[in-house]
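Undergrad: Residues per chain, in single letters:
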Amino acid sequence: MTVEAREARQPYLLLSPAMVAVTLLLLVPLAFIVVYSFWLRTATGADQAGFFLDNWREALSDAFYRDILLNTLKIAGITTLVCAVMGYPAAYVIARSRGNKAVLLLLLMLPFWISYIIRTMSWINILGASGAINSALIWVGITDEPIQMLYNEASVVLGLVHFLLPFMILNIYVSLDGIDTTLEDAACSLGATRWRTFLEVTLPLSLPGLAAGGLLAFVLGAGTYITPIVLGGPTDAMFANLVFEAIITQLNWPLGSALSLMLLAVLGALVLLYNHFLGMGQLMKGLG
Amino acid sequence: MDNTKRYERLRERYLNGGIDRRSFLGLIGAAGLAYGVQTPFARGALAATGEVRFDGWGGVVSEAFRKHAFDPYTEKTGITVVDGTFGGGDEYLSRVKASQPGEYNIAHLSGVFDYARYHNLGLSSTLNEDNIPNLKYVIPKLTDVFRKVTGGTLSCVPYDYGTTGLAYNRKHISDEEMKEKGANILLDARFKGKIAGWSDWRTRIWYASLQTGQDPNGATDMEAIWEALRTHRDLLLKYWNSGAELMSLLAEEEIYVTEAWSGRVFALQEQGHDIGYMDPPNGFGWQECLFVMKGSPMEACEELLNFMLAPETSIAVAEGQNYPPALDPTKVDLGKKIPTLPAFDPSGTLDGLTFADPAYWNGHEQEWSKLFGRIQKGY
Numbered sequence: 001m002t003v004e005a006r007e008a009r010q011p012y013l014l015l016s017p018a019m020v021a022v023t024l025l026l027l028v029p030l031a032f033i034v035v036y037s038f039w040l041r042t043a044t045g046a047d048q049a050g051f052f053l054d055n056w057r058e059a060l061s062d063a064f065y066r067d068i069l070l071n072t073l074k075i076a077g078i079t080t081l082v083c084a085v086m087g088y089p090a091a092y093v094i095a096r097s098r099g100n101k102a103v104l105l106l107l108l109m110l111p112f113w114i115s116y117i118i119r120t121m122s123w124i125n126i127l128g129a130s131g132a133i134n135s136a137l138i139w140v141g142i143t144d145e146p147i148q149m150l151y152n153e154a155s156v157v158l159g160l161v162h163f164l165l166p167f168m169i170l171n172i173y174v175s176l177d178g179i180d181t182t183l184e185d186a187a188c189s190l191g192a193t194r195w196r197t198f199l200e201v202t203l204p205l206s207l208p209g210l211a212a213g214g215l216l217a218f219v220l221g222a223g224t225y226i227t228p229i230v231l232g233g234p235t236d237a238m239f240a241n242l243v244f245e246a247i248i249t250q251l252n253w254p255l256g257s258a259l260s261l262m263l264l265a266v267l268g269a270l271v272l273l274y275n276h277f278l279g280m281g282q283l284m285k286g287l288g
Numbered sequence: 001m002d003n004t005k006r007y008e009r010l011r012e013r014y015l016n017g018g019i020d021r022r023s024f025l026g027l028i029g030a031a032g033l034a035y036g037v038q039t040p041f042a043r044g045a046l047a048a049t050g051e052v053r054f055d056g057w058g059g060v061v062s063e064a065f066r067k068h069a070f071d072p073y074t075e076k077t078g079i080t081v082v083d084g085t086f087g088g089g090d091e092y093l094s095r096v097k098a099s100q101p102g103e104y105n106i107a108h109l110s111g112v113f114d115y116a117r118y119h120n121l122g123l124s125s126t127l128n129e130d131n132i133p134n135l136k137y138v139i140p141k142l143t144d145v146f147r148k149v150t151g152g153t154l155s156c157v158p159y160d161y162g163t164t165g166l167a168y169n170r171k172h173i174s175d176e177e178m179k180e181k182g183a184n185i186l187l188d189a190r191f192k193g194k195i196a197g198w199s200d201w202r203t204r205i206w207y208a209s210l211q212t213g214q215d216p217n218g219a220t221d222m223e224a225i226w227e228a229l230r231t232h233r234d235l236l237l238k239y240w241n242s243g244a245e246l247m248s249l250l251a252e253e254e255i256y257v258t259e260a261w262s263g264r265v266f267a268l269q270e271q272g273h274d275i276g277y278m279d280p281p282n283g284f285g286w287q288e289c290l291f292v293m294k295g296s297p298m299e300a301c302e303e304l305l306n307f308m309l310a311p312e313t314s315i316a317v318a319e320g321q322n323y324p325p326a327l328d329p330t331k332v333d334l335g336k337k338i339p340t341l342p343a344f345d346p347s348g349t350l351d352g353l354t355f356a357d358p359a360y361w362n363g364h365e366q367e368w369s370k371l372f373g374r375i376q377k378g379y
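Just so you know, the sequences run in chain order W and G.
Throughout the first sequence, residue numbering follows this note's numbering, covering 1 to 288 in sequence.
Throughout the second sequence, residue numbering follows this note's numbering, covering 1 to 379 in sequence.
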């Protein structure tokens with residue numbers, strides 16, 4: 001074999017374990033889900049194999065699914081916005097700090113060491129009727145009765161922000177850290193105020209990181225089902241809860257498959273849009 | 001001779017010059033290959049005889065099973081009991097459906113309707129009752145209903161029973177008010193935001209039947225039931241999903257009233273919480289069983305079931321999990337604590353409890369579980 005042929009083969013050899021893993025763990029299960037979505041659930045709970053369009057017809061035409069999907073996108077959108085507003089200043093401080101950058105990054109990573117479910121449930125001890133805030137308010141005398149702060153849409157958004165904020169900060173940080181600070185100095189030396197320098201130099205250059213963080217926060221937020229279960233009220237279900245319910249409670253795997261593919265299509269379209277305008281490179285940097 | 005000794009002998013021969021390096025490495029490689037090939041099968045064979053998997057409801061119930069049944073059983077027989085937990089029968093059925101035969105062995109199922117569902121999905125086995133002599137202590141009525149489903153044979157043994165009644169915080173709701181309002185307390189607007197409910201569609205429809213004055217095993221006006229469910233939903237703080245969440249909501253005073261599992265409320269009372277418990281007329285009675293899945297190591301499972309039905313084990317577990325055992329009180333002395341447990345029937349006839357009719361509930365499962373799912377989410 002020639003040296004050129006060996007070199008041409010090398011990337012495929014190196015990539016093959018990852019490609020095998022992606023094929024076996026992602027593409028094959030996805031193919032199963034596609035096949036399942038055309039099956040039917042019988043009255044006893046067993047599946048009837050075949051090619052039926054009933055699940056897709058129901059998923060696409062029923063206003064119930066459409067409404068919950070829109071509500072899910074709304075909650076994910078609000079969460080992303082809150083993460084961006086809260087995450088940008090934090091990322092800016094980390095990127096511009098001199099001596100303690102490593103410590104700040106470590107603090108940012110700290111929540112990942114605790115289970116997501118535990119972190120979500122911890123809000124019950126903070127915001128619950130006998131939680132820390134209500135106990136403090138009653139003790140100070142501001143209120144006699146506990147204030148209802150949990151089990152509503154706001155507490156779901158809070159739980160999601162808690163979960164997703166580090167992803168947003170990391171992506172913005174990567175973007176800010178890559179900006180050549182002499183550009184900011186140049187703007188200042190030409191008479192721009194610090195605020196104007198930020199608006200016209202720093203912010204535009206960090207937008208790819210903001211967009212990458214936004215995409216991650218949105219996609220992860222829209223796909224969650226634990227947070228609404230733990231922190232949501234009776235009417236705060238998100239689309240992933242419908243998938244869970246169809247598959248687990250109703251034992252309707254075919255309908256659950258159609259619903260999960262529907263969510264995948266919507267979120268996949270967003271990722272494609274992002275890739276079209278900004279490319280996936282920034283997202284990879286943030287994840288790395 | 002074990003593998004370590006074989007290796008040491010081979011190595012000694014190699015070091016003494018008895019075999020060359022190539023043969024030594026070749027033999028080691030061949031041994032490794034043989035071990036790798038046989039291991040999956042050996043593990044399956046070992047699991048078939050030396051290990052039984054048990055899945056239950058978690059929390060205080062699992063603790064009682066582990067302490068009073070599984071540990072002594074393993075000590076006596078050498079068979080390990082691997083215990084897993086689930087939050088509800090639906091979730092567990094999904095896991096079983098996705099598994100290979102033999103992966104799951106025994107489950108602590110609730111209600112005859114679950115037994116029928118598992119049977120209809122082809123998951124039932126046939127127990128050899130000769131291997132379970134302690135079955136003679138069980139209340140006959142509890143066994144008969146299972147036999148009807150599986151054509152005279154059994155795929156489970158009844159183990160305990162209880163009720164899903166009403167739990168209420170006595171600081172805010174008196175016993176008299178509960179007696180007066182019964183199931184309708186869950187629709188009392190005075191407690192808006194302090195009411196909860198189990199997310200299980202059967203329980204919700206059962207209680208809506210009581211609230212609308214209908215037979216829970218034969219409602220005729222379903223529109224009234226859906227309306228009652230909507231009213232309840234609008235007054236609700238949240239639907240709870242597990243026994244642990246139920247106990248937390250009551251103990252933390254997040255809620256004042258909900259329907260609740262009798263044993264869990266008793267556990268709260270034992271912890272000193274002033275929580276009352278009441279079974280309204282036609283309250284939801286249920287029995288739980290130990291169901292053996294098709295493909296399980298039957299003899300080991302039957303041995304475990306017999307051990308668990310032995311009066312000393314069964315009574316200890318019942319006292320631990322706070323649900324009366326399936327043992328007939330006219331045949332077995334159940335001690336002092338069990339007669340004080342909620343739902344306990346000293347006659348052994350269970351005539352005072354209303355159980356779910358499996359044909360009625362399973363016949364409507366597909367339609368009602370879906371409809372309730374929608375109402376639950378605000379529709």
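Please keep in mind that the hints were generated in silico from the structure rather than gathered at the bench.
Remember, it's a predicted structure, so these values are computed and weren't measured experimentally.
Heads up, some of the hints might be wrong.
To be verified - Calculated lysine to any residue pairs in the SDA-like style (CA-CA distance at most 20 Å, straight line):
no. : chain 1 : residue 1 : chain 2 : residue 2
1   : G       : K370      : W       : D54
2   : G       : K192      : W       : D144
3   : G       : K294      : G       : H172
4   : G       : K67       : G       : A244
5   : W       : K74       : G       : K181
6   : G       : K377      : W       : G223
7   : G       : K181      : G       : F191
8   : G       : K179      : G       : K97
9   : G       : K97       : W       : T44
10  : G       : K370      : W       : Q48
11  : G       : K97       : W       : R196
12  : G       : K97       : W       : D47
13  : G       : K370      : W       : R66
14  : G       : K192      : W       : F32
15  : W       : K74       : W       : T193
16  : G       : K377      : G       : D279
17  : G       : K179      : G       : G352
Undergrad: Hints broken by the structure, by number, lowest first?
TA: 3, 5, 8, 11, 14, 15 and 16
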